[in-house]
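Mind docking chain B on chain A? Use the hints.
One-letter residues, chain by chain:
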Amino acid sequence: MNVASLLATLGQWAPLLVLVVPLALAGLLAFPRLVGAVGRLAPWAMLPALLAGLLAPQTELLLPELLLGSSLMIDPIGRPFLLLLGLLWLVAGWLAGERLRRRGPVLLFLLAMTGSLGLVVAGNLVVFLLASTVSGYALYGLAARQSGARAFVVLLVLSDLLLFELLLLLVKSGIGLSLAPAVAPSAAIGGSLALLVLSVLGFGAKAAVFGLHLWLPRMLSGRAVELLPILIGFVLAAGLLPWLRLLAPGALSGDAATLLSWMALTSMGLAVILGMLQGGQQALLGYAISALSGFWLLLLSVSGGELGALMPVAETEARALAMALALCQAGLALAALLVQGARRWARQSWLDWMLNGFAVLLFADALLGMAGVLAFDRENGFMIAACGLFGGLMGQLLCARHGTETLQVIGPSRPLSLSLLAAGWALLMAGGAMIAPSGWPLAASLSAPVSAPLAALALIGVTTLSALLALARPARA
Amino acid sequence: MIPAIDAALPPNAWLPLLVLASSLLPGLVIFFLAEQRYWTRTLLNLAGSLVKLLLVGAMLWGVFHQQQYAASLPLLPGLDLVLRVRPLSLLFLSLSAGLWLLTTLYAIGYLEDSPNRSRFFGFFSLCVTATVGVAMAGNLLTFLIFFELLTLTTYPLVVHRGTEEARRAGQIYLAHTVIAGALLLAGTVWLYTLAGTLTFTTQGFVADLVERHRWSLIAIFVLLIIGVGVKAALVPLQSWLPRAMVAPAPVSALLHAVAVVKAGAFGIVLIVYDVFGVEVAAELGVTKPLALVAAFTILYGSVRALFQDNLKRRLAFSTVSQVSYIVLGVAIVGPLATVGGLVHLVHQGVMKITLFFCAGNLAETLGIHKVSEMNGVGRRMPWTMLAFSIGVFGMIGLPPVAGFISKWYLGLGGLEAGLHWPLFVLAGSSLLNAAYFLPILHRAWFCEPPEAWPEERDFGGNKETAWLLLLPPLVTAALSLLIGLFASMPFTPLEWARLIAEREFYQP
Numbered sequence: 000m001n002v003a004s005l006l007a008t009l010g011q012w013a014p015l016l017v018l019v020v021p022l023a024l025a026g027l028l029a030f031p032r033l034v035g036a037v038g039r040l041a042p043w044a045m046l047p048a049l050l051a052g053l054l055a056p057q058t059e060l061l062l063p064e065l066l067l068g069s070s071l072m073i074d075p076i077g078r079p080f081l082l083l084l085g086l087l088w089l090v091a092g093w094l095a096g097e098r099l100r101r102r103g104p105v106l107l108f109l110l111a112m113t114g115s116l117g118l119v120v121a122g123n124l125v126v127f128l129l130a131s132t133v134s135g136y137a138l139y140g141l142a143a144r145q146s147g148a149r150a151f152v153v154l155l156v157l158s159d160l161l162l163f164e165l166l167l168l169l170v171k172s173g174i175g176l177s178l179a180p181a182v183a184p185s186a187a188i189g190g191s192l193a194l195l196v197l198s199v200l201g202f203g204a205k206a207a208v209f210g211l212h213l214w215l216p217r218m219l220s221g222r223a224v225e226l227l228p229i230l231i232g233f234v235l236a237a238g239l240l241p242w243l244r245l246l247a248p249g250a251l252s253g254d255a256a257t258l259l260s261w262m263a264l265t266s267m268g269l270a271v272i273l274g275m276l277q278g279g280q281q282a283l284l285g286y287a288i289s290a291l292s293g294f295w296l297l298l299l300s301v302s303g304g305e306l307g308a309l310m311p312v313a314e315t316e317a318r319a320l321a322m323a324l325a326l327c328q329a330g331l332a333l334a335a336l337l338v339q340g341a342r343r344w345a346r347q348s349w350l351d352w353m354l355n356g357f358a359v360l361l362f363a364d365a366l367l368g369m370a371g372v373l374a375f376d377r378e379n380g381f382m383i384a385a386c387g388l389f390g391g392l393m394g395q396l397l398c399a400r401h402g403t404e405t406l407q408v409i410g411p412s413r414p415l416s417l418s419l420l421a422a423g424w425a426l427l428m429a430g431g432a433m434i435a436p437s438g439w440p441l442a443a444s445l446s447a448p449v450s451a452p453l454a455a456l457a458l459i460g461v462t463t464l465s466a467l468l469a470l471a472r473p474a475r476a
Numbered sequence: 000m001i002p003a004i005d006a007a008l009p010p011n012a013w014l015p016l017l018v019l020a021s022s023l024l025p026g027l028v029i030f031f032l033a034e035q036r037y038w039t040r041t042l043l044n045l046a047g048s049l050v051k052l053l054l055v056g057a058m059l060w061g062v063f064h065q066q067q068y069a070a071s072l073p074l075l076p077g078l079d080l081v082l083r084v085r086p087l088s089l090l091f092l093s094l095s096a097g098l099w100l101l102t103t104l105y106a107i108g109y110l111e112d113s114p115n116r117s118r119f120f121g122f123f124s125l126c127v128t129a130t131v132g133v134a135m136a137g138n139l140l141t142f143l144i145f146f147e148l149l150t151l152t153t154y155p156l157v158v159h160r161g162t163e164e165a166r167r168a169g170q171i172y173l174a175h176t177v178i179a180g181a182l183l184l185a186g187t188v189w190l191y192t193l194a195g196t197l198t199f200t201t202q203g204f205v206a207d208l209v210e211r212h213r214w215s216l217i218a219i220f221v222l223l224i225i226g227v228g229v230k231a232a233l234v235p236l237q238s239w240l241p242r243a244m245v246a247p248a249p250v251s252a253l254l255h256a257v258a259v260v261k262a263g264a265f266g267i268v269l270i271v272y273d274v275f276g277v278e279v280a281a282e283l284g285v286t287k288p289l290a291l292v293a294a295f296t297i298l299y300g301s302v303r304a305l306f307q308d309n310l311k312r313r314l315a316f317s318t319v320s321q322v323s324y325i326v327l328g329v330a331i332v333g334p335l336a337t338v339g340g341l342v343h344l345v346h347q348g349v350m351k352i353t354l355f356f357c358a359g360n361l362a363e364t365l366g367i368h369k370v371s372e373m374n375g376v377g378r379r380m381p382w383t384m385l386a387f388s389i390g391v392f393g394m395i396g397l398p399p400v401a402g403f404i405s406k407w408y409l410g411l412g413g414l415e416a417g418l419h420w421p422l423f424v425l426a427g428s429s430l431l432n433a434a435y436f437l438p439i440l441h442r443a444w445f446c447e448p449p450e451a452w453p454e455e456r457d458f459g460g461n462k463e464t465a466w467l468l469l470l471p472p473l474v475t476a477a478l479s480l481l482i483g484l485f486a487s488m489p490f491t492p493l494e495w496a497r498l499i500a501e502r503e504f505y506q507p
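Chains as they are written, first to last, in numbering that gives the first Met the number 0: chain A, 0 to 476; chain B, 0 to 507.
So that you can see chain A by itself, here it is in the shape it has in the complex (with noise of 0.2 Å):
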């Protein structure tokens, strides 16, 4: 076998591959004086997936005996992630550190390692279901002790069961279950209320969209600093991921998605204002997070429009791609704000200011990264409303890391008058949704050609704002 037959084996086995090395380690523990070895190797379990997002073919590996008959895959969808969740798992090794050297600890990193790498390379919804359950229950045994993980393993239960009605439901319309992209069931969850609402439901408890949040702020707020990513990287890959493989863009169209415009811009919104309620930064991010999960389930949900149905496969692929991407900066800017502000190790200034640095340049990054998939729809003011809300909240995190509440329009003293605020946005999307079924009067105001680079420049504005505040005032621990 020649060295070019050997990577063309490993290349489709890499998803199988990807997932084999963190179980296998988790295997090694039943030997108790390996634990040790096992606890430092485990940040590396993730070195596969990162050679995998970076180098590993599009390939498809079918695993007929396995389960109902499952599959797992390399796409390009999933690529980014690969790359985003490999250095997610590789920060909370490291962040870890001696915790990694008992069983236990090291058991369930590991196992919520292999489920969160199997979301991204499950190539049918059962093996997603499957790594959905692996992480999710392994995620909740490293956050027991943390506030909020009641909370999620509710949220968890409640959403497997409504991901199981929806996968017997789409068998029985004999759409299938493959996540690959040629076949991907989105066409049926567009054209289906129920389906919808169980698809929404299911992954939105996982994604932490508004209403469904409440465990992300509250195990945020804990004193785990190694679950700070990994909790991101959960976000993305059981909720928004999914979401973005079964609501290709140009899935939704009429009724169906104007609704679920609304709601997540409702969700969006509320996540925002609440947000600013918060006092402690970890919890402020919860919201930041509740309110991306919001921001992207718009833009799937506008992205394509009434011309979805009729757009070209190509173009379809290549927009859930840019939003992949866009999503993965998301989340890796998120992640980076975070375990900065954690800054365990951090306590020389120039390391302090060089992450702070790097933290707020992927943060911009990922906002223009926003503001490229914003044009797919320029004409709709939903996405225009959403990048404003979700930019300000951005900036508001910013600022709250650092100490200054110069965009603390209104402080936390004020609770009442957020809550009022909140509730008032609550009427507002309500009384839109009713009134103006198919459109927003905003969007009628910011039509094009001006309302992308308005909302563009409003990103860029608060981005560089942001960057300018954080620069200037470095973390203090």
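These aren't lab readings, by the way, just hints derived from the structure by calculation. Bear in mind the structure is a predicted one, so any value in this text is a computation, not a measurement. Backbone N, C-alpha and C define an ideal beta-carbon position, used for all residues, glycine too. One should not assume that every hint holds.
[Said to hold, decoys possible] Simulated restraints on C-beta separations:
{"id": "1", "chain 1": "A", "residue 1": "Val19", "chain 2": "B", "residue 2": "Phe423", "range": "32 to 42 Å"}
{"id": "2", "chain 1": "B", "residue 1": "Gly375", "chain 2": "A", "residue 2": "Trp43", "range": "57 to 67 Å"}
{"id": "3", "chain 1": "B", "residue 1": "Ala181", "chain 2": "A", "residue 2": "Ala29", "range": "50 to 60 Å"}
{"id": "4", "chain 1": "B", "residue 1": "Glu463", "chain 2": "A", "residue 2": "Val19", "range": "56 to 66 Å"}
{"id": "5", "chain 1": "B", "residue 1": "Ser238", "chain 2": "A", "residue 2": "Gln57", "range": "19 to 29 Å"}
{"id": "6", "chain 1": "A", "residue 1": "Gly96", "chain 2": "B", "residue 2": "Asn461", "range": "22 to 32 Å"}
[To be verified] Anything over 12 Å on all C-beta distances counts as not near chain B; from chain A, calculated:
{"id": "7", "residue": "Leu53"}
{"id": "8", "residue": "Pro75"}
{"id": "9", "residue": "Ala148"}
Chain B only, in chain A's frame:
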């Protein structure tokens, strides 16, 4: 009249008889062994269960390749004691033979140094003999005989401890099962007078009677279902089961996973498929009420389990709920639901026996009997609790454990039959399962252990517990995982259930 064995029986007829004999003979010998003959008793027990397992394996291979295994012994004029091994029999037979070996190992460890072991293991073997007789029954009369034999052989096991509570539980068990047995007998006799045969037949043997004896058939169906429904713990006939929890852990495992409850559920399967035929039963309108009873039992058992602090009682109510999945699968009427129901016969057995083994370990090693005493027990007994956790995940129906496969097919079967309510029942049950099982795991793994356990036993060194107590739950937990993860491989319970459903629904 004593049945006489024809010496000219074909070779394939000997196999079912040998399967019976592999536990009957050791059981009879063990009764007469002195208490201190530990090694002889152990050897007989293990040899019998290994031989049975090998014989069942051979028949599994044979039946897959279209071999026939049947033995008929004259019993009454016109009525024979018929043993016939079909795919459906083998599903139950493999379960009971496989789990008997593990339960025997466990019982040897569990009852070490306790009194009346010869009596215990004697009845233990007879109980398994009756169970495999039920599995291989070729007609309703044979089924009835072994089914009642099962009652008689399990009663001494339930009252084995000899306490007042055990005797009371035994009386309740006996009262329930004897009355049910009488109804089963009445139904059987009535059916024989109408049909003139009791031979189990794929797609049933009463189709010709529907026009003339519709109401009689409905009444017979009710009698037969009540007759077996007591052992299957259908509501409102379930009250004996939680009380029988006073029995030693191996007996609980036997009752819940290998023999009694399973025999009841298997009886329902036989009555619906091989006596009435699923389509005739549906035409008579008896499957829908049966499905509703099963659905109610599923939810009732789960709700009751939620409020039990005693671990074994919680598991017992969980059994009440879970066994009715089998009945629901049968009563929904459709190939996919049938697959779900039948495969759960095996899956529930393997998962539930894991939980009972673990409960027994906790009781024997640390004196833990209540959920509220389980704080931090995962640190003291990690392997036991790992096995318990796998069993719990299976019961909730989480992939990749076997329970997921059962629930998948049951849900899909409901949709295939045009019914959405089974989905809500399954979802409700899963939710309740999570509500009464996950707090146990949280306590065990994440709460601080007490300073001292209720009654801790020392097994030497740093051992978690005795090897004979630890090995069986680890094997069954691994099995629960593997038969779920590799469900689509040949010879798995799922593939076997598919084969049975195919023959029931698609073959003329």
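Outcome of the hint check:
Distance hint for Val19 (chain A) and Phe423 (chain B): a CB-CB separation of about 38 Å, consistent with the stated range 32 to 42 Å. Evaluation of the 57 to 67 Å hint for Gly375 (chain B) and Trp43 (chain A) yields a failure: the beta carbon distance comes to about 31 Å. Range check, Ala181 (chain B) to Ala29 (chain A): about 52 Å between beta-carbon atoms, so the 50 to 60 Å window is met. Our hint of 56 to 66 Å for Glu463 (chain B) and Val19 (chain A) is violated, since their Cβ atoms are close to 29 Å apart.
Checked against the given bound of 19 to 29 Å, the beta carbons of Ser238 (chain B) and Gln57 (chain A), roughly 60 Å apart, lie outside it. Taken as a hint, the range 22 to 32 Å holds for the pair Gly96 (chain A) and Asn461 (chain B), whose Cβ atoms sit roughly 27 Å apart. The claim that Leu53 (chain A) lies off the interface holds: its Cβ sits roughly 29 Å from the closest Cβ of chain B, which is beyond the 12 Å cut-off. Its beta-carbon lying about 27 Å from the closest one in chain B, Pro75 (chain A) satisfies the requirement of being farther than 12 Å from that chain.
At the 12 Å boundary, the C-beta of Ala148 (chain A) falls inside the reach of chain B, the nearest C-beta of that chain being 9 Å off.
Checked against the numbered hints given earlier, this structure breaks hints 2, 4, 5, 9; the rest are met.
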